[in-house]
Amino acid sequence: MDKKRYELNVQLAQMLKGGVIMDVVNVEHAKIAEGAGAVAVMALERVPSDIRKEGGVARMSDPALIAQIKEAVSIPVMAKARIGHFVEAQILETLKIDYIDESEVLTPADEECHIDKNLFSIPFVCGARNLGEALRRIAEGAAMIRTKGEAGTGNVVEAVRHIRAVNREIRQLVNMPVEEVTPFAKENGFPYELALQVRQLGRLPVVNFAAGGIATPADAALMMQLGCDGVFVGSGIFKSENPAKRAEAIVKATAYYKDPSKILEASLGLGNAMPGIEISDIPENQILAKRGW
Amino acid sequence: MDMIGVLDLQGDVVEHIDHLERLGVNAVRVKEPSDFAHLTGLIIPGGESTCLARLLSILGIRDPILRQFQRGLKLWGTCAGAILLAKEIVGEPPVLALIDIEIQRNAFGSQLDSFVSEALVPLVAPQPIPLTFIRAPKITRAGTDVAVLLRQDDYIVAAESPDVLVTVFHPELTPSLAFHRYFALKCGLKPSVNEESSMIDPTWDSRSWTRYTRL
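In order, the protein sequence lines correspond to chains S and B. The numbering used here puts the first residue of the first sequence at 1, with every later residue one more than the last. The numbering used here puts the first residue of the second sequence at 1, with every later residue one more than the last.
Since the hints were derived computationally from the structure, they do not count as laboratory data. Beta carbons are placed, not taken as given, at the ideal position from N, Cα and C, and that holds for glycine. Any given hint could be a false lead.
To be verified - Over 12 Å on every C-beta distance to chain B, these chain S residues come out as not near it, computed from the model:
#1 18
#2 57
#3 84
#4 132
#5 140
#6 182
#7 205
#8 259
#9 266
#10 269
Stated by the list, open to error - Under the rule of at most 25 Å between Cα atoms (straight-line distance), these lysine to aspartate or glutamate pairs were calculated in the DMTMM-like manner:
#11 B/138 with S/71
#12 S/31 with B/201
#13 S/3 with S/193
#14 S/4 with B/201
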């Protein structure tokens, strides 16, 4: 990927700022999401909560399904490839979707290496639990970052943990004398040049969205107030009682995240949210956020 | 007060604020009907036009725009903003319908078809202007009271009426201040950059927007 192409990919993410990206599993969902004001859709066969329930190996979705969804909407279409599965990414690039999510929600194909995203022209978004993961993904060519959270749980606690971790490390970097950056970067696995850039900018150099467990307008606004640039909602919309209404409410709360009266309005009468899962009830080997390195 | 507002619902809002401030123009974010006071111009930024249209209607921002437009507010739409301002959108009902153009959403294809180029727009600047197209629309027709500022191949990429400017590309994502200066002049303001000076700001870089979102 040349520098110009990379910048265009970062800039597409800039266009998504303040918006909500929604998981959809068919054309009908995609149209509901678009109509409710989603800025992009994530096309996949099963939302994370179903992947979690059904178990087994979760792979890239059927390209035919992704193509149908792409045909049905005019907003950007994203799709997931397994961590390290660069051939799934090659397929998605050839399909000409708009963004690839190299995602821990799918079963990793490589337990050491992520995809060398610099080899591609298509943009990638990747999950991160802390600043080190975020910067390693950016060094590999990711044009956008998101928190991992714990997908498919309807529980925002892990996403909060991850954005707080990223922010804490950014604040540490900003406040330290430059000679301390080297040991800090070494200790936390930061690529050094990117650590210096973060220290100068006081934030990640690319757009950073919230993801993993967001289920209500209040969850979305919470992540925005914690400094995220926008929000992914996975299972939270189409596993709720009234998806169209909830989708629109989350869009509104994300756009007006600093205005409690607007978030209140958005929260009224939405019906039941998706059933949530307590993180401590999930067996250790089924924690998705631990995938990726 | 003479200010230019940037509609702050979703999209690349701070990128426009950044450019306006570089011109010494008072820039303000517009999120509520009450934010329209003292505006001489309003920029509708890039973002997703369906999302912006939805938020305009559910949040009651559409009517204040139409009302202020009647009172002389100048408008500029970049990319998604141009779609919202068009009188005709191919295959969809119009949103604000304030300039007589026909526009086709996402007319180039996917993100892999996004591109940068450069062109001379004599009315706007004496030097070539860098252009950034991101999942851009195409203007496929311009009415008789609409002046075409720039055409590429068989479509229009920048046009204006006396009160409305539309560009399908993103001047706010480049170091060029030329289009922001042009719009400020259209609003009757006096931007700090003049015709003779270079309209490329050497202190701008692609991460300049991040200064508005430091932790």
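Here is how each hint holds up against the structure:
Look at residue 18 of chain S: its CB is around 4 Å from the nearest CB on chain B, not clear of 12 Å, so calling it non-interface is violated. For residue 57 of chain S, the requirement that its beta carbon stay farther than 12 Å from each beta carbon of chain B is met, with the minimum near 28 Å. Non-interface status of residue 84 of chain S relative to chain B is upheld: no Cβ of that chain comes within 12 Å, the nearest being about 22 Å off. Residue-level check passed: residue 132 of chain S sits 17 Å from the nearest beta carbon of chain B, beyond 12 Å.
Residue placement check: residue 140 of chain S keeps its beta carbon more than 12 Å from all beta carbons of chain B (closest about 18 Å). At roughly 22 Å, the least C-beta separation between residue 182 of chain S and chain B is larger than 12 Å, which holds for a residue marked as non-interface. Against the 12 Å criterion, residue 205 of chain S falls within the reach of chain B, whose nearest CB is about 6 Å from its own CB. Not every C-beta of chain B lies more than 12 Å from that of residue 259 of chain S, the closest at about 8 Å, which undercuts listing it as non-interface.
At the 12 Å boundary, the C-beta of residue 266 of chain S falls inside the reach of chain B, the nearest C-beta of that chain being 9 Å off. No Cβ of chain B comes within 12 Å of the Cβ of residue 269 of chain S; the nearest lies about 15 Å off, and the non-interface call holds. Of the supplied pair hints, the one linking residue 138 of chain B and residue 71 of chain S holds, its CA atoms being roughly 19 Å apart against a limit of 25 Å. The hinted pair formed by residue 31 of chain S and residue 201 of chain B fails the criterion: a straight-line CA distance of about 42 Å is larger than 25 Å.
This hinted pair checks out: residue 3 of chain S and residue 193 of chain S have alpha carbons roughly 16 Å apart, not beyond 25 Å. Our distance criterion of 25 Å between C-alpha atoms is met by residue 4 of chain S and residue 201 of chain B, whose separation comes to about 18 Å.
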